[in-house]
Amino acid sequence: MKKLMLSASAAALAMGIAGTGAFAHDDEVTAWRLFVSDHAAPTVRVIDAVEGRELDNFSIKGPASLYRSESGETVFAVQGSAGAISAISSGIAFHDHGDHGDIEVEDAKLLDVELTGTKPAHFVERQGKVAQWFDGEDKARFFSEHDVLKGKPEPVTVSVVAPHHGVAVPYDNHVVVTIPNPEDASKRPIGARVMGHDGKQVGDDVACPGLHGSAGSGSLYALACSTGLLLISQTGDVPEIRHLAYSPSLPEGSSSALIGGKGLQYFIGNYGADRIVLIDPSQEESFRLVQLPTRRVHFVVDPVRANFAYVVTEDGQLHQVDVVKGEISKSLKLTQPYSMDGHWSDPRPRVAVAGDKIVVTDPLNSKLHLVNAESFEKSGEVAVEGKPFNLVAVGGSGKVHDDN
Amino acid sequence: MAPKSLIAVLAAAGLMLAPLPLAAAEKLKVIASFSIIGDMARRVGGERIDLRVLVGPNGDAHVYEPRPSDAMAMAAADVVLVNGLKLEGFLGRLIKASGAEAPVIELTRNASIIRDPEGGHYHHYEGRSVFHEAPFDPHAWQSLANAQVYVANIADAFCEADAAGCETYKSNAAAYREELAALDGDIRQAMAAIPEERRLAVVAHNAFRYFERDYGVRFLAPTGVSTDSEASAADVAGVLRDMREKRAVAVFTENIADSRLVARIAADAGLTLAGTLYSDALSGPDGPAPSYIDMMRHNLRTITRALAPD
Chain A
1 MKKLMLSASA AALAMGIAGT GAFAHDDEVT AWRLFVSDHA APTVRVIDAV
51 EGRELDNFSI KGPASLYRSE SGETVFAVQG SAGAISAISS GIAFHDHGDH
101 GDIEVEDAKL LDVELTGTKP AHFVERQGKV AQWFDGEDKA RFFSEHDVLK
151 GKPEPVTVSV VAPHHGVAVP YDNHVVVTIP NPEDASKRPI GARVMGHDGK
201 QVGDDVACPG LHGSAGSGSL YALACSTGLL LISQTGDVPE IRHLAYSPSL
251 PEGSSSALIG GKGLQYFIGN YGADRIVLID PSQEESFRLV QLPTRRVHFV
301 VDPVRANFAY VVTEDGQLHQ VDVVKGEISK SLKLTQPYSM DGHWSDPRPR
351 VAVAGDKIVV TDPLNSKLHL VNAESFEKSG EVAVEGKPFN LVAVGGSGKV
401 HDDN
Chain B
405 MAPKSLIAVL AAAGLMLAPL PLAAAEKLKV IASFSIIGDM ARRVGGERID
455 LRVLVGPNGD AHVYEPRPSD AMAMAAADVV LVNGLKLEGF LGRLIKASGA
505 EAPVIELTRN ASIIRDPEGG HYHHYEGRSV FHEAPFDPHA WQSLANAQVY
555 VANIADAFCE ADAAGCETYK SNAAAYREEL AALDGDIRQA MAAIPEERRL
605 AVVAHNAFRY FERDYGVRFL APTGVSTDSE ASAADVAGVL RDMREKRAVA
655 VFTENIADSR LVARIAADAG LTLAGTLYSD ALSGPDGPAP SYIDMMRHNL
705 RTITRALAPD
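These protein sequence lines map, in sequence, to chains A and B.
Taking the numbering used here, the leading residue of the first sequence gets 1, the next gets one more, and so forth.
Taking the numbering used here, the leading residue of the second sequence gets 405, the next gets one more, and so forth.
None of these hints come from the bench; they were simulated from the model.
Take these hints with a grain of salt, some might be off.
[What the hints assert, rightly or not] Result set (DMTMM-like, lysine to aspartate or glutamate): computed pairs, CA atoms no more than 25 angstroms apart in a straight line: (1) LYS500(B) - ASP356(A); (2) LYS150(A) - GLU634(B); (3) LYS333(A) - ASP322(A); (4) LYS500(B) - ASP322(A); (5) LYS490(B) - GLU601(B); (6) LYS500(B) - GLU374(A); (7) LYS433(B) - GLU285(A); (8) LYS330(A) - GLU385(A); (9) LYS152(A) - GLU106(A); (10) LYS129(A) - ASP698(B); (11) LYS490(B) - GLU28(A); (12) LYS500(B) - GLU327(A).
[Said to hold, decoys possible] A few chain B positions that, by computed beta-carbon distances, are all more than 10 angstroms from chain A: (13) PRO472; (14) ASP474; (15) ALA479; (16) ARG497; (17) ILE517; (18) GLU582; (19) GLN593; (20) THR676.
Cβ atoms here follow ideal geometry from the backbone N, Cα and C, with glycine treated the same way.
Work out the full structure: start from the sequences and follow the hints.
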């Protein structure tokens, strides 16, 4: 309880929901934190999403892309321009006891862990295993979240043949890595292969030219390319890769950015600048296009309301996409227009979902917009110094056992 | 304490509405959460139902990830049949995602339910201990007596949704329950013939507590009541110790669980794998357990063959 009271919002305490058969007093606690990086400054701010106040501000080496682990215990800050990856303990942890889950809340802290390398880029974490890709290196690095939290990551490296802009996906004793274009490694990868931690390839290469974009949804991991998706699954020792071709009924195009459903197993990809494609690999007709009013800026899935995903478009609107019906169900004007003309990495809004709030960064106006996820109406703003850009949300509800 | 009913939860949450009357020529649209329930529904509903099974043969309902197409089917369903007792961890979010209005029938209602005897745990806080009781064991279908309750619940649900077919449902259910009662007797007789000291085996996860309770064979397992958790080194060591002390006779793989761990346990204990039991799912049509009755008979054969004295 002492740990909890360090930083859990008092407003988040809801007393008196007793656990099944528990003899002492249990509290149901909800805590959500936003980790927000700046577009230009080397900083990560921690914001209490329940109360909207800043809890901490960590200095790192460069502007960062942020990634949270599945457990939510760790936030990774990949600083491409500074050649570094920092790790932050989110301060929120859950312990599953089958019939209930416990939540433990402490202060977030910047861990004494830093990986350095040439052009760190795609980051993938699944089941506590992390794959960090470096565009400027011929090896990808693999380590565990557990070791990071202990402050001692001990990366295993696996050859990716030549430096290229690819991605690696971690499994138990194997990894899936992209295959560089043999004629020009600066071009997009041409497929993927399974490698053992011992550096030996398992099975054959699987072709998927123009590969870019990856996401996980439950037990499936997908890599997008110009001919379709590579779907990676694991039922035994070794992950298996199969190719899912785009439907002939789709117009010409492909996906290069993917997100994966939580709660429902599906993927969403971009498909041209102003369309997205909903992908359900279990169906004979796996692909459904959704037209956007203007070009897409960013998209995320809702991990709580499993049938919804959210897309920000350059006209400043946030759209609620119903992935079951395959349509935009609601739209809300939130920000000034953020044109997709200009550099791909110009400051533009990003979206995250923190419990019952959808949070959208507005970097040119130094604020976060809060939208009630149930009503899809704007519910508030949080002022954030600088240009708030990338963000991730960590949190949830659980029991805390009190002895009072 | 009676198990908390999913129905009660859904009703309280306003997720259950009264079923709409069914048009005469229209089949009852039924969703079954996994293959065993699907087979029971098929036996009771026959030609009057249009059945969709979410977690198919050899699928694991503990860890199933529903698809958008499941939500679409759910939205159009007249009746949704589920096991309950937290077997289908995906159910709540699937119902919410689909906006389904069909009644969700928890088939373990009125069944004889047990708690996972190893599932309770303590929390220790500042010198005091808090005990949380174990969750309910959802694998109630491993008892033929419980299976008969499932069938009765299915018939009641179909009658409620399709009064015109009620006679058919009741008649089908009665015939099916007779078969299940006969099978129950067969299993009891076969197990009674196994010497008591040989009635100990190992499986991958705790799916056979009801079989143990009703038929007197004890099963050790490194993993708990859900395949969603992973066994620790201590869990495996504990199973190996119990196997030695209590002289386990056989190690079985399960059709829905990773066989690597039990294969290692069998090797460490100097035993060979004695076959595959169908715990939480049927086999495909060409396998040995395409129906619930086939499944229980296959398991009976596999267990008795392994445990019977040489």
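Each hint tested on the structure:
1. Distance hint between LYS500(B) and ASP356(A) is fulfilled; the C-alpha atoms sit about 15 angstroms from each other, no more than 25 angstroms.
2. The suggested pairing of LYS150(A) with GLU634(B) holds, with an alpha-carbon distance near 21 angstroms, which does not exceed 25 angstroms.
3. Between LYS333(A) and ASP322(A) the alpha-carbon distance is near 18 angstroms, which keeps this suggested pair within the 25 angstroms criterion.
4. Restraint check for LYS500(B) and ASP322(A): satisfied, since their Cα atoms lie roughly 12 angstroms apart, inside the 25 angstroms limit.
5. Simply put, LYS490(B) and GLU601(B) have alpha-carbon atoms about 34 angstroms apart, too far for the 25 angstroms limit, and the pair is violated.
6. A C-alpha spacing of about 12 angstroms is found between LYS500(B) and GLU374(A), which places the hinted pair at or below 25 angstroms, so the restraint holds.
7. Only pairs whose Cα atoms come within 25 angstroms are accepted, and LYS433(B) paired with GLU285(A) is accepted, the gap being roughly 22 angstroms.
8. The straight-line distance between the Cα atoms of LYS330(A) and GLU385(A) is roughly 30 angstroms, outside the 25 angstroms bound, and the hint therefore fails.
9. In summary, the hint linking LYS152(A) to GLU106(A) is supported, as the alpha carbons are separated by about 20 angstroms, within the 25 angstroms threshold.
10. Of the supplied pair hints, the one linking LYS129(A) and ASP698(B) is violated, its CA atoms being roughly 40 angstroms apart against a limit of 25 angstroms.
11. Our distance criterion of 25 angstroms between C-alpha atoms is met by LYS490(B) and GLU28(A), whose separation comes to about 20 angstroms.
12. With a C-alpha separation of about 17 angstroms, the suggested pairing of LYS500(B) with GLU327(A) holds against the 25 angstroms cut-off.
13. Residue-level check failed: PRO472(B) sits 5 angstroms from the nearest beta carbon of chain A, not beyond 10 angstroms.
14. Not every CB of chain A is more than 10 angstroms from the CB of ASP474(B) (nearest about 8 angstroms), against its label as outside the interface.
15. Look at ALA479(B): its CB is around 7 angstroms from the nearest CB on chain A, not clear of 10 angstroms, so calling it non-interface is violated.
16. With 10 angstroms as the threshold on Cβ separation, the claim that ARG497(B) sits away from chain A is violated: the shortest Cβ distance comes to roughly 4 angstroms.
17. With a cut of 10 angstroms on Cβ distances, ILE517(B) stays outside the contact zone with chain A, its closest approach being about 14 angstroms.
18. No beta-carbon of chain A is positioned within 10 angstroms of the beta-carbon of GLU582(B); the least distance is around 36 angstroms.
19. In this structure GLN593(B) is separated from chain A by more than 10 angstroms, as the shortest Cβ-Cβ distance comes to about 35 angstroms.
20. Remark: the non-interface label on THR676(B) is consistent with the geometry, its nearest Cβ contact in chain A lying 20 angstroms away (cut-off 10 angstroms).
Against the hints set out earlier in the document, violations occur for numbers 5, 8, 10, 13, 14, 15, 16.
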